[in-house]
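Residues per chain, in single letters:
There are 2 protein chains.
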Amino acid sequence: MKRSYVSELKKEQDVLLKGWVHEIRELAKLKFIILRDSSGIVQCIVKDNKNAKEIASELTLESVVEIQGKVKKANVKSEIARNDTEVEVSDIKIISKAEKLPIHVNEKTTTTDLSKRLDFRSLDLRKPKVNAIFKIQSALIEGMQNYLDKEGFVQVFTPCLMGVASESGSEVFEIKYFNKKAFLRQDPQLHRQLTILGGIEKLYDIGPSWRAEKSHTVKHLCEHRTCAVELAFIKDEKDVMKLEEETVVSAIKNVINKCKNELDFLGIKLKVPKTPFPELKFPEIYDILKEHGKDVYGEDLDTEAEKILWEYVKKKYNSDFYFFNGFPHKVKPFYVMEGDENPRWSKSVDLNFRGMEISSGGQREHRYKKIMKNLKERGISLKSVEWFIKFFKYGAPPHGGFALGIERLTQVLLGLQNIREAALFPRDTERVTP
Amino acid sequence: MKRSYVSELKKEQDVLLKGWVHEIRELAKLKFIILRDSSGIVQCIVKDNKNAKEIASELTLESVVEIQGKVKKANVKSEIARNDTEVEVSDIKIISKAEKLPIHVNEKTTTTDLSKRLDFRSLDLRKPKVNAIFKIQSALIEGMQNYLDKEGFVQVFTPCLMGVASESGSEVFEIKYFNKKAFLRQDPQLHRQLTILGGIEKLYDIGPSWRAEKSHTVKHLCEHRTCAVELAFIKDEKDVMKLEEETVVSAIKNVINKCKNELDFLGIKLKVPKTPFPELKFPEIYDILKEHGKDVYGEDLDTEAEKILWEYVKKKYNSDFYFFNGFPHKVKPFYVMEGDENPRWSKSVDLNFRGMEISSGGQREHRYKKIMKNLKERGISLKSVEWFIKFFKYGAPPHGGFALGIERLTQVLLGLQNIREAALFPRDTERVTP
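Going line by line, the protein sequences match chains A and B. Residue numbering for the first sequence follows this note's numbering, beginning at 1 and increasing consecutively. Residue numbering for the second sequence follows this note's numbering, beginning at 1 and increasing consecutively.
Intra- or inter-copy, both count: the list cannot distinguish identical chains.
Straight-line distance between alpha carbons at most 27 Å, and here's what the computed BS3-like set of lysine-lysine pairs gives:
(1) 108 with 202
(2) 238 with 93
(3) 271 with 307
(4) 253 with 202
(5) 369 with 100
Source of the hints: derived by calculation from the structure; they are not laboratory data. No experiment lies behind these values; they were computed from the predicted model shown.
Chain A with its partners taken away, still in its complex shape:
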């Protein structure tokens, strides 16, 4: 007999179900087994089948079982099953019997401490609300890929291991690499640029990056994923912003189409965001901040500044997504291009969602002399970047791109308190297992 999924049950159908025991209840002479599979939850009733009753009495929560039975109309539309069917059980088989659980899977409210939940992540992931997060994340990525594939972007894999620490050094994980040292990349940025210089004019790279930051916040992970996109022969950073808008819109559309149940279940209403996203520009951003009592001309934005600007955007534009463009060139890395009109304001763009940065990008510096100038201004030794900058001597097109944080995007869209909720098995300063 072919397996049926819980979400596909039709009345009067004979079915074979497979899944986990979500709940067990008894009422008079009836035994109720609430069965959960990856598609949903259904109530199964053991009436007077002696054999099934015996097996049911041995059942423990979260055991894996096979249940045969007939689909019936339920008297009450069960809140948990979210439909009006139930299954009258004719046979049960225990595939894998569960021991006493260290954490509850079937929680009405999430009372277990996050750290303990993560210690037992495979159990935690079974909670329908937790499971839903990763179906939505998958649909987000699929939506991005659909758009990028359609537009002719080549999916590439740039290396994770770097021979030289890419940025400040202090926040980089170091590896014993045979008799040398190597480092985990902080961003696929530099190799994306080298791939553009390799004549692949449109590309994207979905993969991990690492930050050895000691800060233990609700928005940082030591290992995270980005969808990183790069495009050659752009006119300016506006081309990158357009590309990013389209990528985000395609991601969200795909979630709305594919994950209706999951969104309902999480109580999230997603709307396709209107494009173009509002754009706030430096140095005007400093004026807005000053009007709100924060005078930080020339400095990078801190969390408080981000909050003020979100309040401003909310009132003025009614848009969750918005760009900051033109960050001070001096606070940005050497590969960022300075502005055309005023070199002080760079072509550096962040995408934000309700006060949270979810991506950064912009136009890169492709002119060898300007790169050298940027390095000098920042006191970066040529030796540490020679492996990278040498390629800019042999014909480099104008280019730019962005790296969208996948866990961050998932977190902000679903309103998750902690970014760890958006990573399957999160890594932070204290945690490298399970």
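Fit chain B to the supplied structure of chain A, relying on the hints for placement.
Only chain B this time, still in chain A's reference frame:
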């Protein structure tokens, strides 16, 4: 004026082209610039436009230029341009002038040593034949994803950093992780299983793995990518084999549809492989080997054995793809399930292509007691795997999967001599840059 790509030129059209100077020729009073962009190559002729002539005389190979002109019918169908158009130049602009090149991009034959080519990989990637490899690789992955997405597989990201060395220890890269040690995963295997135990019943994970193997061969990289798929509630390893066949077929179909030019250019004729792929089983495999003079009963297969078996398959089945099923349980890791009929032959399957292993997989052991037995037989300490095996106590469904090597698949399909040709910026024992 909107940019045109070289592959889309229509006769008598006014165009703006952007790209790299692939070749410069002079003939009497004419100057020929062969322009290359990501879509192809076209010949541009500078006739008597004085300004353009002056700029053209300054041009160097691999400079980035913008060319305006009119598309004409070419007298001869150019071998290089692969079509019968050329462009009469009205204006040229040099965007980025190239210095003297350290390696040739426009090679008739690949004479440069691979190591030097990789030192200057961004130049090497510009060669149309090298560039084509990565467009094909991208289409392979897109084809896999199309199939897996359609079938409801959830795309997930399992962690790269492990708190405990996953396998033998000797071949694992070690990381300084704050005040602890961590390790780069050799395979996303274990976390794929933990995700299955987390109730995500169908999943795939495309991402990097690392092997600190000192062997310097043409088929090993220190960093490689797999498309790793896992499926719950399988009957046995046959379900995994079917899934793998469909994934590979979808990948190859997508390449045939999308990469006609690239395949032509590399001189590769791809056919959609017939399914089911032939299956050779242990212990019968040992009989075949013995008939061919190789008596290795009970041992793992070496390169010579793989060659003999490929000769056998070629004659008997006329199929490039074929499975080996039922490897000796004792040579396989602890998470592999032993056979039902004879526990000596495990449910462990390799997929091969013309004598080269491109994936391994099969059914995993989900029964806690059997996992404990496997660990004991292998002398593995409980402490090193407790973080993983503890989850099998709380309800584990039967499951299985495979991990397909993306660079390996690219290498064998395109007949590349060295797997480094199939990695954008390969990492091996000597190389971590560029």
